[in-house]
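Heads up: the protein sequence lines correspond to chains A and B, in order.
UniProt numbering numbers the first residue of the first sequence as 1 and each following residue consecutively.
UniProt numbering numbers the first residue of the second sequence as 1 and each following residue consecutively.
Treat the hints as calculated values from the structure; they're not laboratory data.
Accuracy of the hints is not assured; some may be wrong.
[As the list claims (entries may be wrong)] To spell it out: a stretch of chain B is covered by chain A in this simulated footprint if at least three of its residues, at any positions, have a beta carbon under 8 Å from a beta carbon of chain A; those stretches are:
{"hint": "1", "region": "75-82"}
{"hint": "2", "region": "201-211"}
{"hint": "3", "region": "264-272"}
{"hint": "4", "region": "279-293"}
{"hint": "5", "region": "314-326"}
The C-beta atom is built at its ideal place from N, Cα and C for all residues, glycine as well.
There are 2 protein chains.
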Amino acid sequence: MSSVTIKQLAEQLQLSTATISKALCDSHEISEGTKKRVLALAKELNYVPNAYAGSLRHNKSKTIAVLIPEITDSFFSQALNGIEEVALEKGYHTLIYLTHEKLAREEDILKTLVGGRVDGVLMSVTVETNSFKHIYEFNQHLPIVFFDRVCPEVDAARITTDDFECGYKATRHLIEAGCRHVILLSISNSLSIISERIRGFKSAIAEYDLDEHDCRVVNCTQDPLENYRLIKAMMQSDNRPDGIVATVEKLTTEIYLVCQQLQIDIPKQVKVVCFSNQPSAVILTPSLTTITQPAFEMGKVAATTLLKLLKNNMLRVKDECTVIPSKLIVRNSTTGQQADHGEPV
Amino acid sequence: MSSVTIKQLAEQLQLSTATISKALCDSHEISEGTKKRVLALAKELNYVPNAYAGSLRHNKSKTIAVLIPEITDSFFSQALNGIEEVALEKGYHTLIYLTHEKLAREEDILKTLVGGRVDGVLMSVTVETNSFKHIYEFNQHLPIVFFDRVCPEVDAARITTDDFECGYKATRHLIEAGCRHVILLSISNSLSIISERIRGFKSAIAEYDLDEHDCRVVNCTQDPLENYRLIKAMMQSDNRPDGIVATVEKLTTEIYLVCQQLQIDIPKQVKVVCFSNQPSAVILTPSLTTITQPAFEMGKVAATTLLKLLKNNMLRVKDECTVIPSKLIVRNSTTGQQADHGEPV
Numbered sequence: 001m002s003s004v005t006i007k008q009l010a011e012q013l014q015l016s017t018a019t020i021s022k023a024l025c026d027s028h029e030i031s032e033g034t035k036k037r038v039l040a041l042a043k044e045l046n047y048v049p050n051a052y053a054g055s056l057r058h059n060k061s062k063t064i065a066v067l068i069p070e071i072t073d074s075f076f077s078q079a080l081n082g083i084e085e086v087a088l089e090k091g092y093h094t095l096i097y098l099t100h101e102k103l104a105r106e107e108d109i110l111k112t113l114v115g116g117r118v119d120g121v122l123m124s125v126t127v128e129t130n131s132f133k134h135i136y137e138f139n140q141h142l143p144i145v146f147f148d149r150v151c152p153e154v155d156a157a158r159i160t161t162d163d164f165e166c167g168y169k170a171t172r173h174l175i176e177a178g179c180r181h182v183i184l185l186s187i188s189n190s191l192s193i194i195s196e197r198i199r200g201f202k203s204a205i206a207e208y209d210l211d212e213h214d215c216r217v218v219n220c221t222q223d224p225l226e227n228y229r230l231i232k233a234m235m236q237s238d239n240r241p242d243g244i245v246a247t248v249e250k251l252t253t254e255i256y257l258v259c260q261q262l263q264i265d266i267p268k269q270v271k272v273v274c275f276s277n278q279p280s281a282v283i284l285t286p287s288l289t290t291i292t293q294p295a296f297e298m299g300k301v302a303a304t305t306l307l308k309l310l311k312n313n314m315l316r317v318k319d320e321c322t323v324i325p326s327k328l329i330v331r332n333s334t335t336g337q338q339a340d341h342g343e344p345v
Numbered sequence: 001m002s003s004v005t006i007k008q009l010a011e012q013l014q015l016s017t018a019t020i021s022k023a024l025c026d027s028h029e030i031s032e033g034t035k036k037r038v039l040a041l042a043k044e045l046n047y048v049p050n051a052y053a054g055s056l057r058h059n060k061s062k063t064i065a066v067l068i069p070e071i072t073d074s075f076f077s078q079a080l081n082g083i084e085e086v087a088l089e090k091g092y093h094t095l096i097y098l099t100h101e102k103l104a105r106e107e108d109i110l111k112t113l114v115g116g117r118v119d120g121v122l123m124s125v126t127v128e129t130n131s132f133k134h135i136y137e138f139n140q141h142l143p144i145v146f147f148d149r150v151c152p153e154v155d156a157a158r159i160t161t162d163d164f165e166c167g168y169k170a171t172r173h174l175i176e177a178g179c180r181h182v183i184l185l186s187i188s189n190s191l192s193i194i195s196e197r198i199r200g201f202k203s204a205i206a207e208y209d210l211d212e213h214d215c216r217v218v219n220c221t222q223d224p225l226e227n228y229r230l231i232k233a234m235m236q237s238d239n240r241p242d243g244i245v246a247t248v249e250k251l252t253t254e255i256y257l258v259c260q261q262l263q264i265d266i267p268k269q270v271k272v273v274c275f276s277n278q279p280s281a282v283i284l285t286p287s288l289t290t291i292t293q294p295a296f297e298m299g300k301v302a303a304t305t306l307l308k309l310l311k312n313n314m315l316r317v318k319d320e321c322t323v324i325p326s327k328l329i330v331r332n333s334t335t336g337q338q339a340d341h342g343e344p345v
């Protein structure tokens with residue numbers, strides 16, 4: 001580790017800086033003997049090439065950016081784990097940007113990234129992203145791979161899970177467990193993944209011929225306290241649901257808190273299933289039935305796809321879309337059976 | 001958003017590229033009138049400077065790196081939130097590297113970063129980091145700010161919390177709640193933060209004159225299944241503890257699972273306090289008493305300190321160390337009282 005420069009190598013070996021530079025790049029113009037001398041000294045003095053000089057010359061930054069709404073969510077932190085694993089293995093660096101669900105922030109970030117700082121972008125759009133011009137324009141210059149929250153209007157690779165099926169499976173599971181008044185808690189009107197989950201929900205409601213007035217979609221917000229009040233009012237109303245599908249992990253806390261406070265028994269009085277990757281699902285009382293997404297895997301595939309596109313820009317993005325299924329993991333919040341007290345494997 | 005170049009701006013305005021470049025940098029050599037024309041056209045054509053050309057010229061990358069052991073931990077994800085907030089506000093970009101608690105990975109990452117890719121590093125060392133040469137050498141070239149897990153051997157700024165006091169407070173709280181056989185679960189023999197928590201633990205044990213044989217430190221691992229078995233064996237032994245201080249968040253799951261399985265009542269038969277920032281602490285049964293760290297704040301202060309050092313390298317790092325206190329939040333896992341069913345604010 002040092003700040004030895006090409007010039008110093010050149011001086012010490014009495015060669016030109018151009019020769020040193022070419023030798024370090026394994027150029028055919030340089031003899032094997034000279035290359036060996038240069039590499040030996042470079043190694044001895046711990047020469048490290050200047051990252052930016054390299055990237056300017058090759059027009060490659062070996063850096064990718066990840067744009068996600070938040071990091072304090074198990075799905076996104078596990079996905080980032082997968083992305084970082086692939087990037088590090090392939091010698092790429094990972095810039096991280098949190099949009100905090102703000103469209104303006106997403107626009108600003110993409111704008112700063114067109115200047116050559118990154119070779120491509122992995123992104124999951126915000127709940128506010130209902131216009132796509134900034135993404136479309138960015139994608140004219142540099143490749144984007146969407147994961148989880150995609151933007152169908154932009155022709156880019158997409159790594160998603162089977163959101164329609166999951167919405168359907170979660171709802172059907174509640175209905176088959178005896179629920180007749182199922183509510184789906186949403187957080188967005190524009191997100192493609194939520195729309196798909198809602199479509200699956202509605203499809204199950206229609207299939208089992210439940211009352212569409214009782215079985216409706218309730219919109220939550222980004223504010224935990226507001227959500228707590230909204231869920232509390234819902235659970236105190238005469239027309240209280242007996243089944244809840246929560247489309248985002250963080251709603252778990254408010255649902256459990258409200259039920260504890262109102263002494264509503266989960267699962268006897270209301271059954272709950274959450275889209276969630278949180279490890280604590282197993283130790284909640286009752287343990288929480290979840291739709292668990294392949295977050296780590298989705299991150300890995302998204303990063304692998306982006307690096308593949310960077311290597312070969314002739315690939316058709318349509319061929320680079322992957323759907324990785326999620327799993328319904330049934331626990332006590334929907335069955336009320338005793339926990340299976342095996343080892344946590 | 002486009003790939004308009006300085007050359008194109010120069011052609012269109014019939015000026016030299018040097019003039020355009022200087023005008024964009026607000027150079028005093030260029031007249032106000034010319035500057036206005038250049039800026040107007042740059043804006044119209046959506047000119048974005050090449051990040052690497054800029055960084056090579058100014059020898060600044062406007063990028064910082066964050067090295068953390070893992071991201072699927074509430075402390076580190078909340079700290080990253082704080083770091084990213086400051087970086088974005090100040091126009092810096094944030095590279096993220098996960099060491100996964102491996103010293104070799106930490107060494108490799110630092111080695112790739114000396115080449116000019118970043119201006120400085122924020123880091124929390126791995127549990128394996130018991131040699132410091134790689135950090136010391138890196139710090140000769142570029143500034144490091146440690147947060148949470150520091151390396152006392154290296155003369156760099158440190159943002160920490162009051163680990164000794166927290167180890168002491170958590171243990172004293174258990175003793176005052178009636179525990180006489182308190183165990184501290186550790187995950188490392190080398191981490192400074194864990195050593196400090198252990199010091200605090202031992203100090204409380206000595207102060208209350210408890211049996212040092214009963215009240216000992218138990219070493220856990222990075223493997224959840226191994227930890228589960230270890231905790232289970234401990235709770236099945238004749239010499240079972242009546243109080244547990246868990247020094248890392250992820251041990252919560254195993255402690256609760258074991259107690260559920262062995263039908264050991266928390267807090268009646270064993271009281272539990274965890275160093276944890278997980279939001280689900282409030283909805284566990286019983287709700288979990290925690291030492292909650294100022295993670296977001298520590299991230300913000302760490303990033304602010306690094307940017308301050310980058311601006312002024314004459315600052316003495318000793319003056320740039322900050323200790324931000326954590327809080328003991330008492331809940332049912334140590335008191336057994338009914339939950340306070342107020343709003344979750």
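Here is how each hint holds up against the structure:
Check on the region 75-82 of chain B: 4 of its residues sit with their Cβ under 8 Å from a Cβ of chain A, so the three-residue criterion for coverage holds. Coverage of the region 201-211 of chain B by chain A is violated. Counting CB-CB distances below 8 Å, 0 residues qualify, and the rule asks for three or more. Interface restraint, the region 264-272 of chain B with chain A: violated (0 residues with C-beta to C-beta distance below 8 Å; minimum three). Counting residues of the region 279-293 of chain B whose beta carbon lies closer than 8 Å to any beta carbon of chain A gives 6, which reaches the threshold of three, so the coverage claim holds.
Counting residues of the region 314-326 of chain B whose beta-carbon sits less than 8 Å from any beta-carbon of chain A gives 0, not enough to reach three: the coverage restraint is violated.
The structure fails hints 2, 3, 5 (numbered hints given earlier, in ascending order).
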